[in-house]
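Enquirer: If you count by numbering that gives the first Met the number 0, then the sequence shown holds residues 0 to 248, one letter each, in order.
These are calculated hints, taken from the structure and not from any lab test. Note that the structure is predicted; figures quoted are calculated from it, not measured.
Below 30 Å or equal to it, Euclidean Cα-Cα: the simulated BS3-like pairs (lysine-lysine) are: (1) 82 to 141; (2) 86 to 147; (3) 141 to 219; (4) 206 to 51; (5) 82 to 228; (6) 94 to 147; (7) 80 to 138; (8) 51 to 138; (9) 169 to 80; (10) 80 to 51; (11) 236 to 147; (12) 94 to 141; (13) 94 to 82; (14) 86 to 169; (15) 8 to 20; (16) 96 to 80; (17) 96 to 82; (18) 8 to 96; (19) 96 to 144; (20) 206 to 144; (21) 138 to 228; (22) 169 to 144; (23) 169 to 228; (24) 169 to 206.
What follows is a list of derived Cβ distance ranges for each label pair: (25) 204 to 144: 15 to 25 Å; (26) 149 to 51: 42 to 52 Å; (27) 20 to 129: 37 to 47 Å; (28) 19 to 48: 35 to 45 Å; (29) 125 to 219: 44 to 54 Å; (30) 92 to 144: 12 to 22 Å; (31) 161 to 118: 17 to 27 Å; (32) 223 to 87: 36 to 46 Å; (33) 125 to 47: 17 to 27 Å; (34) 97 to 157: 33 to 43 Å.
Yeah, the Cβ is synthetic: ideal placement off N, Cα and C, and Gly gets one too.
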Amino acid sequence: MEPTEYSEKHRVTYYEADFTKRMTLAMMLDVIILASEDHSDYLGVGADFVRKFGVTWIVIQYNVDINRMPTVDEEITVTTKSKSYNKYFAYREFKIKDENGDLLVHMTGLWAVMNYEARRISSIPSEIVTPFGAEKVNKVPKLMKPLKVDLDKSNHRRFSVRYTDIDSNKHVNNAHYMDWMINVLPSEFLTTHSPIHFDLRYENEVKYGTDIESHYNMEKLESGNILTKHEIMSGDKHCTVADIIWQND
Numbered sequence: 000m001e002p003t004e005y006s007e008k009h010r011v012t013y014y015e016a017d018f019t020k021r022m023t024l025a026m027m028l029d030v031i032i033l034a035s036e037d038h039s040d041y042l043g044v045g046a047d048f049v050r051k052f053g054v055t056w057i058v059i060q061y062n063v064d065i066n067r068m069p070t071v072d073e074e075i076t077v078t079t080k081s082k083s084y085n086k087y088f089a090y091r092e093f094k095i096k097d098e099n100g101d102l103l104v105h106m107t108g109l110w111a112v113m114n115y116e117a118r119r120i121s122s123i124p125s126e127i128v129t130p131f132g133a134e135k136v137n138k139v140p141k142l143m144k145p146l147k148v149d150l151d152k153s154n155h156r157r158f159s160v161r162y163t164d165i166d167s168n169k170h171v172n173n174a175h176y177m178d179w180m181i182n183v184l185p186s187e188f189l190t191t192h193s194p195i196h197f198d199l200r201y202e203n204e205v206k207y208g209t210d211i212e213s214h215y216n217m218e219k220l221e222s223g224n225i226l227t228k229h230e231i232m233s234g235d236k237h238c239t240v241a242d243i244i245w246q247n248d
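I would like the entire structure built from these sequences, with the hints used as guidance.
Expert: Have a look at this one:
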């Protein structure tokens, strides 16, 4: 059985972009999550069906290559398919293309299911994964892990977790972690540089009523591009890590 591929169109709105008129990384993550949810609904294995097994899908990690970020009023096509899975993890691919069919973003992601009550990773029920037509394997592909931040030399900023940061899984929505990472960077840098690659890994969930610290280091690569390394901390708990590579506009 071949993996089912699902596509949907999306028009980039002004509130999904920053003042460079480019879609933000956080909004891009929201759009690809929406496509994966719509894919699940199309196959009859949406959130309500999955919840019957006492679990919910969670993202573990993303690896992303960016040729160009979508811009305001641009119509993009988001395509996704689940490529392989094993007992605990599922490997999914996303592509974002422009109206001419040119590839803007290529993303691979590692997913798991969390027991909704115990808040622990659980084995994936076959009923919620087989409809995708993905190959069952012993080992799913490994994704590149982000580099750790040197916390002793990092710049950082504190954020409070608000009620509106929490999603239906009762923890901070995935995209908000990226917002916290981006919002510690200088505006002069963000308006003169574009992201071309990022690796993002979620390690521990963050819940309502806590404070987090968003740390980052910045360095120049031999290519001339800039690497920012990010880490979200809640107390002494490492919650999310990421590296982002930027090019000068």
